[in-house]
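Protein chains in written order, with this note's numbering: chain A, 2 to 322; chain B, 2 to 281.
For the record, the hints were derived by calculation from the structure and aren't laboratory data.
Fair warning: this is a prediction, and the values are worked out from it, not measured in the lab.
Warning: the hint list may mix true and false statements.
[Unchecked claim] Label-pair restraints from in silico Cβ distances: (1) B:D236 <-> A:P299: 49 to 55 angstroms; (2) A:E278 <-> B:D236: 56 to 62 angstroms; (3) B:T14 <-> A:P33: 58 to 64 angstroms; (4) A:G126 <-> B:E63: 52 to 58 angstroms; (5) B:G161 <-> A:Q190: 27 to 33 angstroms; (6) B:Y102 <-> A:G126: 41 to 47 angstroms; (7) A:C196 <-> B:N58: 50 to 56 angstroms.
C-beta atoms are modelled at their ideal positions from N, C-alpha and C, and glycine is treated no differently.
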Amino acid sequence: MINMSAEISSRTQNQSRLAFGLALAHLAEIDPLITAISADSVDLMGLADFIERFPERFVDVGIAEQNAMGIASGLATTGMRPFVCGYAPFISARSMEQLRNDVAYANQRVVIGAAASGVSLGVSGGTHHALEDLALMRAFPNITAIVPADARQSWAAVFQTQNIDGPVYIRLGGRIPEDPVSNTEAGFQIGKAECLHKGNDITIIACGCLVSPAINAAQHLSKKGIGARVLNMHTIKPLDRESVLTAASETKGIVTAEEHRITGGLGSAVAELLSVENPTPMRIIGMPDEFAVVGPTPKVREGYGLTSANIVNCCKEILNY
Amino acid sequence: MSANASDRKTLLTMLEKESITIRRNIWRALRSAGSGHVGGSTSAADLLAALYFYHLNIRPKEPNWKNRDRFVLSKGHANAALAAVLAQAGFFSEELLDDFYGYKSLMGMHPDIKLAGVEMSTGGLGHGLSIGVGMALGQRMQNINANTVVMLGDGELQEGSNWEAAMAASQLKLRNLSAIIDYNKIQQSGNVNEIMNLEPLLGKWSSFGWAVRELNGHNMVEIVEALDAIPYASDKPSLMLAHTIKGKGVSFTEGTHLWHQNAIDEDSYQKAMSELGQPS
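Bound-form chain A, shown alone (with noise of 0.2 angstroms):
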């Protein structure tokens, strides 16, 4: 893999969006049946120099994801690598039946970029909130479901989708900077979560922006005398089912954070494990069973309690603290 240099990583001003595009160019350089689909999202995925360097290899079919999708599934039975690149919430519900049939099912090596996830477009409302696209990707068999936590880690997650014999999904953020949670690409291994912060009395497992707000109240709870555990649990499917199990046996609860509805989520996929091999006291972090409210996204996360502090009450209640 290329490591992430001191100017790539002021290019990608700290948003894993922008590292998908920029990665995505240099693995074209050392593959070269890489292939960029854009779904009007040049701009969004940062794929300018992907372009300027391998414009034969590019494609733009204009607002039409379910094209995107069907041309990216026909790509790949050819021998190409596509990479398809839109807006989470329309690159995963309206391409829906694309991406089941034509990907999945005819499990076919085509990634997903997905940007824009969650509520980072939080004031353009419901219509453009992604909420719902990991519990689409979960309920979808073959597919890889990836959440980088940052910049670095969505690069590497674009290299390291070499590996993977199937169709991935990426979920990614929006033009809102993510907090760098680690230091080296080392740590992400796509199906193995990161142990970002050590403890041994409560566990918190979270995704994507929440990782780092996982790791503060970790701090936080630490001053208390509480050791936190703290697993970025960045691929969703396939579960890293031995550390979560670990962490059950280990610590006292299970807090899980993620911008996603509490509906097929991070938190979901953990309880549908634990409640079978090893029931053990759990809060879910994420949205509740409604539309998103619309708003600057900061205020967003924090009216539904996507915070820190959250994830700190949380751990207490469990903890009886």
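Please build the complex by placing chain B on the supplied structure of chain A, with the hints as guidance.
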């Protein structure tokens, strides 16, 4: 008769025989299934015979050959016809047709990419043309001198996704992509033009940037000529609008939506086989 004319006649006779065998095999498969899409399978039989026994550059014993032409049956419910022609072409044994709809069979109602010769799992309508655009593009990007053909149903053109794909094929100047519309004018619940009219259909494709041609999809001379003429323009995808008859070949299935999908009993099977006759 010149040698060429004689060759042509031999070719046409062979293709017509294969057509009859495809129709017989459709009935054979669907009898084993107990029911199925007779109408849209038999309307496509002549076109499929010409594709698989004349037009497509394929190697049935080497189904994943990199330089092959690719065919996508977008109207996946006509899988009995595809399975029949793939078996006849030698991708697998014709005996597999007797396991149609069987438990864990690769011969379901719709094509399964896991079966040799099937290029894509289809069945959800309005998917095939985008997939074909991707295949033709992939061939071009890798400098593979091969073509992609997509067969579309008429009813499925009511799905808007087709027109996204039609725009893209034209924008990308995919001269190695062609689409054939099996225009039998009847969909599940009735006549296409009464449910959601497609006309003027040829004009629609033309205005979307395709080079178009109209033909009788049961006249082998016209089919072969239309296939020979592909690509119809040097920088455009080609569209064959093939007028066909739903349920073609058997009197009681022709021209009615009741045989779009229907149960098949022994009596109707025997009557159908008797009307189709043996290829001579």
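Structure-based check of each hint:
1. Remark: the range hint 49 to 55 angstroms for D236 of chain B to P299 of chain A is upheld by a beta-carbon distance near 51 angstroms.
2. Judged by the Cβ atoms, the range 56 to 62 angstroms given for E278 of chain A and D236 of chain B holds: they are separated by roughly 60 angstroms.
3. Checked against the given bound of 58 to 64 angstroms, the beta carbons of T14 of chain B and P33 of chain A, roughly 46 angstroms apart, lie outside it.
4. At roughly 53 angstroms, the beta-carbon separation of G126 of chain A and E63 of chain B lies within the given 52 to 58 angstroms, and the hint holds.
5. The hint said 27 to 33 angstroms for the Cβ distance between G161 of chain B and Q190 of chain A, and at roughly 41 angstroms that hint is violated.
6. Between Y102 of chain B and G126 of chain A the Cβ separation comes to about 46 angstroms, which falls inside the hinted range of 41 to 47 angstroms.
7. Checking the proposed 50 to 56 angstroms range against C196 of chain A and N58 of chain B shows it holds: the Cβ atoms sit about 55 angstroms from each other.
Hints 3 and 5, counting from the list given before, are not met by this structure.
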